[in-house]
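Read top to bottom, the protein sequences are chains A and B.
Letter by letter, the first sequence follows residues 737 to 1120 of the numbering used here.
Letter by letter, the second sequence follows residues 243 to 584 of the numbering used here.
Mixed in with the good hints, there may be bad ones.
Unchecked claim - Interface residues of chain B toward chain A, partial, derived using beta-carbon atoms under 10 Å:
| id | residue |
| --- | --- |
| 1 | LEU246 |
| 2 | ARG247 |
| 3 | LEU273 |
| 4 | LYS416 |
| 5 | SER518 |
| 6 | LEU552 |
Claimed, not checked - Distance condition first, Cα-Cα at most 30 Å in a straight line; then the derived BS3-like pairs of lysine-lysine:
| id | chain 1 | residue 1 | chain 2 | residue 2 |
| --- | --- | --- | --- | --- |
| 7 | B | LYS384 | A | LYS776 |
| 8 | A | LYS776 | B | LYS382 |
| 9 | B | LYS297 | B | LYS353 |
| 10 | A | LYS779 | B | LYS384 |
| 11 | B | LYS495 | A | LYS779 |
| 12 | A | LYS779 | B | LYS353 |
| 13 | B | LYS476 | B | LYS353 |
| 14 | B | LYS485 | B | LYS384 |
| 15 | A | LYS1003 | B | LYS476 |
| 16 | B | LYS353 | B | LYS384 |
What the hints assert, rightly or not - Simulated DEER-style distance windows between Cβ atoms:
| id | chain 1 | residue 1 | chain 2 | residue 2 | range |
| --- | --- | --- | --- | --- | --- |
| 17 | B | GLY276 | A | ALA1066 | 20 to 28 Å |
| 18 | B | VAL479 | A | PRO753 | 27 to 35 Å |
| 19 | B | GLU285 | A | GLU846 | 37 to 45 Å |
Treat the hints as calculated values from the structure; they're not laboratory data.
Note that the structure is predicted; figures quoted are calculated from it, not measured.
Yeah, the Cβ is synthetic: ideal placement off N, Cα and C, and Gly gets one too.
So the chains spell out like this:
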Amino acid sequence: MSTLPDGRYIDDAPYDPNVDISAIDRADMDAPNWLLVWRKFRKHRLGLLSAIFLFFAYAFIPFAGFISPYTPNERSAEHLFHPPQAINFWHEGEFIGPFVYPTTGAPDLENFQWVYETDRSRPMPLQFFCRKTEYYLAGFIPTERHLFCAPDGATVFIFGSDRLGRDVFSRISYGAQLSLTVGLIGITVSFLIGITLGAMAGYFGGWVDWVVNRAIEILRSLPELPLWLALSAAVPSNWGPVSVFFIISIILGLLDWPGLARAVRSKFLSLREEEYVKAAEMMGAKPGRVIRRHLLPNFMSHLIASATLSIPAMILGETALSFLGLGLRAPAVSWGVMLNDAQNLASIEIYPWTAIPMLPIVLVVLAFNFLGDGLRDSLDPYSD
Amino acid sequence: MMFLRYAAYRLLTMCLTLVVVSILIFAIINLPPGDYLSNQIAELRATGQAEGVAKAEFLRTEFGLDRPLWYQYLMWVGLAPGEYGFSGLLQGDLGWSFFNDEPVIDIVGSKLWLTVLVNLAAVLFIYFMAIPLGVLAAAKSKTWIDYITAFIGYLGLATPNFLLALILFYYGRKYIGLPIGGLMDPQFEGEPLSWAKIQSVLTHMIVPTFVIGTAGVAAMMQRLRANMLDELGKPYVETATAKGLAPSRMLTKYPLRVAFNPFVADIGNLLPAMVSGSVIISVVMSLPTIGPDLLTALKTQDQFLAAFVLMFVAFLTLVGTMISDLLLVLLDPRIRYGAREG
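Excised from the complex, chain A in its bound form (with noise of 0.2 Å):
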């Protein structure tokens, strides 16, 4: 900046004729919207760090039974409430790599709990990749491989075991099979519902946004729980765990959707005055086309980032329905079913480690929050 004679500021940079007027101004900018996103998303460490952690745990489902030491259901009838097991590297100062220590429960009549003594002389290696109980891997390979499990005459109960003797670490991997997909396919039915009616609700007006707005306003103004008790105590004692499963996560589903149909149909009536919905309807594009060519894409990743938003409400609401004994139900092994057996308070003074279950969905809820947030604030990689 440089003050000519008569007070005016001129700018010191040589005025260049062919300049590129096309260039943009940051660098940084010029580049895919994927990938803006992908760097903005990459600096909340939190929305990654989830990401990360429920990357893991979906890609771990498969392959449940491989890192279980136990199947869920195979009782160990000399181990009933068994306390947690340490996996002890060391024995009197000599390193013999991975082992467990012995132990024989007797009960104890007076203050009738189980009580179990440690043999502390003999440690007992852990087995790896040994042939143990089969199951099927990813639901359809059968194999007798465990990554790890007990030696003879020994256990691994590294969260403890339950009522019936049964492991609590590998319920817990098995668990998470149905947990962790309640809420996937839960979401699934809330986003087909959620778009097709809001979607509809945006675009046409008129009668069908009414009648679609009535139901979104009764369905928001009641409470979830006792309806989904409702409804899942309508589903038949008689049908397999499986179809049990389907259709509580369709009844998750089903009550979720007015939020979702809300954001849409505020959006599509905006954007159906604009100039290029105009064009595509002069060209003759049925409302189907519309709705899905032209006017879903613009925000599909707004409502991906408000579904990662509401899975967990999904995976708590299974957890609870299972914990009130109208969810899925026992040879069904679910974090909620596990809960079920913690319900009272005698568990968790005298077996704390019964509601262990509860610490996975801690997690797994905080993560898609996370990234639920991580994922809205790097959605609009323009700002600021």
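The hints should help you fit chain B onto chain A, whose structure is shown.
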């Protein structure tokens, strides 16, 4: 006058909603095949108890369970007469609980007030906790106070509240000596109201209120914080600070008032979740609210009891939502009457 008209309009829509809700609830309750009485009759027949059958048959005709579903609905609501003088909801006859073999009103009567009380306490708790915490988190944003409140908030959202209830019960008992379960000490049961009884109820309410409210506090705190942060960035705040207004006075006098409106509107969204919460918490903590009744009624197909409890719970949320809507209009004249959509 405008306000009264709006209030009347809201009342009317609430009544219409209630009608739709009652149809919905009745349909859901009748989803499972069969009904309590025909199951019972079949069982009695199989075991050969003739006099029981006669009674069950009588109840079946009295409450019209042998009639088509739409007529049953009309009977339940009170628009169609029953065989032996069953008059329906509108005339205050809540029907018969087959499982308990008692009129529904005798089972739920005293619990209705306690249900309202528990939920009201939770709403108050949410306001008293969320306002200061949210303001504090916004005023001290990006400091450890902000992070700690955010962390607690997230934990509150992520922990299944029935487990929180059990854990708080256990540790509350162990370290502070809080009572476990119920809403009052057994010796006050059925006693006239006295200071000691009120005290007992209050100490029993601490844990339930806390548990039911946590998720709500967390959600509201986050929203208030976001609203406050929006306001704090505006020039008038800078002006106020530059003129030397004390921070606390500045915060409460201007930005808080603006950030407050969504807060009132929110209670309408929050209430359904809270009532849900109170149902499950009541089951875990054996509070004498209608939550546990709902669960047993649903499990045993005790249809009149289940339907009434569901109706009541829905009614509670609808009234709460309506009150919050009306409050919002009173509080913020900018909101146009009757045009709150879009």
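To see whether the hints hold, each was checked on the structure:
1. LEU246: violated, 22 Å
2. ARG247: This hint is violated: ARG247 of chain B lies away from chain A, its Cβ roughly 20 Å from the closest one there, beyond 10 Å.
3. LEU273: Hint holds; LEU273 of chain B Cβ to chain A Cβ min 4 Å, cut 10 Å.
4. LYS416: holds, 9 Å
5. SER518: For SER518 of chain B, the interface hint holds, since the closest Cβ of chain A sits about 3 Å away, which is under 10 Å.
6. LEU552: With Cβ-Cβ at 6 Å, under 10 Å, it holds.
7. B:LYS384 <-> A:LYS776: holds, 19 Å
8. A:LYS776 <-> B:LYS382: Holds, because 25 Å separates the two Cα atoms, which is no more than 30 Å.
9. B:LYS297 <-> B:LYS353: Holds - the C-alpha atoms of LYS353 of chain B and LYS297 of chain B are around 28 Å apart, at most 30 Å.
10. A:LYS779 <-> B:LYS384: holds, 16 Å
11. B:LYS495 <-> A:LYS779: Measuring from Cα to Cα gives roughly 36 Å; hence the hint is violated.
12. A:LYS779 <-> B:LYS353: violated, 52 Å
13. B:LYS476 <-> B:LYS353: violated, 49 Å
14. B:LYS485 <-> B:LYS384: Within the cut-off at roughly 25 Å; holds.
15. A:LYS1003 <-> B:LYS476: holds, 27 Å
16. B:LYS353 <-> B:LYS384: With a Cα-Cα distance of about 45 Å, the restraint between LYS353 of chain B and LYS384 of chain B is violated, given a limit of 30 Å.
17. B:GLY276 <-> A:ALA1066: 20 to 28 Å: holds, 23 Å
18. B:VAL479 <-> A:PRO753: 27 to 35 Å: violated, 47 Å
19. B:GLU285 <-> A:GLU846: 37 to 45 Å: holds, 42 Å
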